[in-house]
Amino acid sequence: MRATSNIIAYLQAAPLMAVLATFLIAPIFMIVIVSFWGATEFSIYPAFQFDNYAFLFGSPVTYKVFFATFKYAFITWVFTLTIGFTVAYFLAFHVRTQTMQTALFLLCTIPFLTSNIIRMISWIPFLGRNGIANQALISWGIIDEPLEWLLYSDFSVILAFVHLYTLFMVVPIFNTMMRIDRSFIEAAYDNGASGLQTLWHVIIPLTKPGIMIGTIFVVTLVMGDFITVRFMSGSQKANVGRLISNDISLLQYPSAAATAVVLLVTVLLVIGILLRFVNIRKEL
Amino acid sequence: MEKRPGSFYVLASFFGLFMLFLYGPTLTIGLLSFQGPHGGLTFPMQGMSFNWFRELFEQQAVGDIWGAFRRSLLLGFMVMIATVVVSVSAGLAFRKRFKGSGILFYVTITSLVIPSILVSLGVGLIFNQIGFKVHWATSGFGSQLTWTLPFGLLIMFAVFNRFDKSFEEAARDQGASPRQVIQHVVVPIIAPSLIGVALFGFTLSYDEFARSLLTSGSYNTLPLEIFGMTTNVTTPVIYALGTFTTLFSLIIIGVFLMTVWIMGKRRQRAGSDAGKAT
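Just so you know, the sequences run in chain order G and A.
Under full-length UniProt numbering, the first residue of the first sequence carries the number 1, and numbering increases by one thereafter.
Under full-length UniProt numbering, the first residue of the second sequence carries the number 1, and numbering increases by one thereafter.
Keep in mind the hints are simulated off the structure, nothing from the lab.
Ideal Cβ placement from N, Cα and C applies to all residues, glycine included.
Treat the hints loosely; a few may be bogus.
Claimed, not checked - From the derived model, a few chain G residues whose C-beta atoms are all more than 10 Å from chain A:
hint: 1; residue: Leu56
hint: 2; residue: Ile117
hint: 3; residue: Trp123
hint: 4; residue: His201
hint: 5; residue: Leu250
Said to hold, decoys possible - With beta-carbon atoms standing in for the labels, derived distance ranges:
hint: 6; chain 1: A; residue 1: Ala170; chain 2: G; residue 2: Met100; range: 50 to 56 Å
hint: 7; chain 1: G; residue 1: Gln101; chain 2: A; residue 2: Leu27; range: 22 to 28 Å
hint: 8; chain 1: G; residue 1: Thr82; chain 2: A; residue 2: Leu74; range: 50 to 56 Å
hint: 9; chain 1: G; residue 1: Ser194; chain 2: A; residue 2: Ser49; range: 53 to 59 Å
hint: 10; chain 1: A; residue 1: Gly131; chain 2: G; residue 2: Tyr63; range: 53 to 59 Å
hint: 11; chain 1: G; residue 1: Gly195; chain 2: A; residue 2: Leu27; range: 47 to 53 Å
hint: 12; chain 1: G; residue 1: Gln98; chain 2: A; residue 2: Ser49; range: 43 to 49 Å
hint: 13; chain 1: A; residue 1: Gln129; chain 2: G; residue 2: Ile7; range: 31 to 37 Å
hint: 14; chain 1: A; residue 1: Ala170; chain 2: G; residue 2: Arg96; range: 35 to 41 Å
hint: 15; chain 1: A; residue 1: His135; chain 2: G; residue 2: Gln98; range: 42 to 48 Å
hint: 16; chain 1: A; residue 1: Leu20; chain 2: G; residue 2: Phe42; range: 49 to 55 Å
Unchecked claim - Stretch-level coverage of chain A by chain G, calculated; a stretch enters the list once three of its residues show a Cβ under 8 Å from a Cβ in chain G:
hint: 17; stretch: 11-22
hint: 18; stretch: 64-71
hint: 19; stretch: 119-130
hint: 20; stretch: 142-156
Build the full structure now, drawing on both the sequences and the hints.
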């Protein structure tokens, strides 16, 4: 009986295993292998050399770009967490009817299901030199000259990240908050805790798993991104993803692969650290 | 009802601002896509016209938008069906602990958090080295599944964690075979969540960019086509396209939500009276 139920479970999991083996595990192995290969201007050839890594770690650009990647991830994390927590808190504790809660929650999630690229493009009329932001600031007399740093800068990159990914904080945090036993909060109030004290000593600690899951999402999405940085900075800023995609467009696959391996190891290390704080499967 | 605390109004305004932040830019390009024929990419509006939509619908010089749209649509449906089938099947498997289930779970999470460009690069390299041509319906399809399946599986976890197993036991006690239990008990109960999985499968595929980049071959999907346009199109036609595909996404989302809602209503009406005395 035990054996049959195990076989059934394997059969049921087999399609998932097959897809992940072919399109995730095998590609990772391939990247690791190719990262030791060599390249000419037009082609790549099998080899076992550490040139790609030596070049990568020997170049000051690498460190700068990795630093920029962490910087984007950290700043985006701070903003998405603050905004996401506040929104989730409002939805979970201040909206009273369930219908309203569902409706507002859907309003938060719908943009996630539309195109990221369109959502980036849609910032252009707002941030451009003659965009709404500059026109408004000029007409209010706050500035005389249009601000140049609104578009194609770190500012616009981070703005787009926050715009695209705050949702990944809202959903898991809201989900955890909804499962907090309301009697804890009443107990805190009955014992004389103020609203802020309740927030700090009761709600935030109980929301930690949701915060952690949201953090994993946001940090990995930002660290692995290349398109947002490219588009929103007008190709003027770089992160690790762009380093990889530049190598790819120059057909320097081995070098791209080596950078990809280092990025993957970095991301997995970060997640490994974050996972120490939360058991994901228990939180769904 | 209790009086609302002052913090309610602060938080409600914050939420309102967040909505403005979330939807404002999209609404702006929605408006700008009706820009007059001589208008540019920013305000002011030079009159109102359908000029840019007309340009979009006439076979234009900017590329093969409608071919890309058709491909994205078809690929979206393929990914949607595969995501539902594979996630439900794996969701059922994960209800029991089997040898390797922990590893499979972590691999799935890896699939979710791995930088998309790695999947693109790796799949592209494999196809090149074994001499297959990359194509959206093969390599592109598989690469997109590595993004949609983790979401599908996570939803299935959430569903089965709340699933009342006594329904299945009851069916089994009445002599239902394991297959019948799944077909007549489990699937009908989880059906509304399956629509959620399907919605994720379709929309995530329809909008996917990074994982399709090196795996779609010579025929672009719509996001790739749009990105191509951003580098060489400088007229509001790109806003018209943005408005068009966003509206399309919204309609799809609306259809799925309506289906869930109608299913819920029908269940309420035709639901079982078990447990209700009288």
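Outcome, coverage of the stretch 142-156 of chain A by chain G - at least 3 residues whose beta-carbon is closer than 8 Å to one in that chain: holds (count 7)
Pairwise beta carbon distance, Ser194 of chain G to Ser49 of chain A, judged against the given window 53 to 59 Å: 57 Å, holds
Interface exclusion of Leu56 of chain G relative to chain A, criterion Cβ beyond 10 Å: 15 Å, holds
Coverage claim, chain G over the stretch 119-130 of chain A, checked by counting residues with Cβ within 8 Å (three needed): Our answer is that it holds, as 7 residues pass the Cβ test (under 8 Å) against chain G, meeting three.
Exclusion check [Trp123 of chain G not at the chain A interface, CB over 10 Å]: 5 Å, violated
Pairwise beta carbon distance, Gly195 of chain G to Leu27 of chain A, judged against the given window 47 to 53 Å: 34 Å, violated
Hint check for Met100 of chain G and Ala170 of chain A - Cβ pair distance inside 50 to 56 Å: 36 Å, violated
10 Å cut-off, C-beta based - Ile117 of chain G kept clear of every residue in chain A: 5 Å, violated
Verdict for Gln101 of chain G, Leu27 of chain A (Cβ pair) under range 22 to 28 Å: 24 Å, holds
Range hint compliance [Cβ, Gly131 of chain A to Tyr63 of chain G, 53 to 59 Å]: At roughly 38 Å between Cβ atoms, Tyr63 of chain G and Gly131 of chain A fall outside 53 to 59 Å, so the hint is violated.
Whether the CB-CB distance between Leu20 of chain A and Phe42 of chain G falls inside 49 to 55 Å: Once the Cβ atoms are compared, 51 Å apart, the range 49 to 55 Å for Phe42 of chain G and Leu20 of chain A holds.
Annotated coverage of the stretch 11-22 of chain A by chain G, confirmed only when three residues or more have a Cβ within 8 Å: holds (count 8)
Violation of the numbered hints given earlier is confined to hints 2, 3, 6, 8, 10, 11 and 18; the remaining hints are satisfied by the structure.
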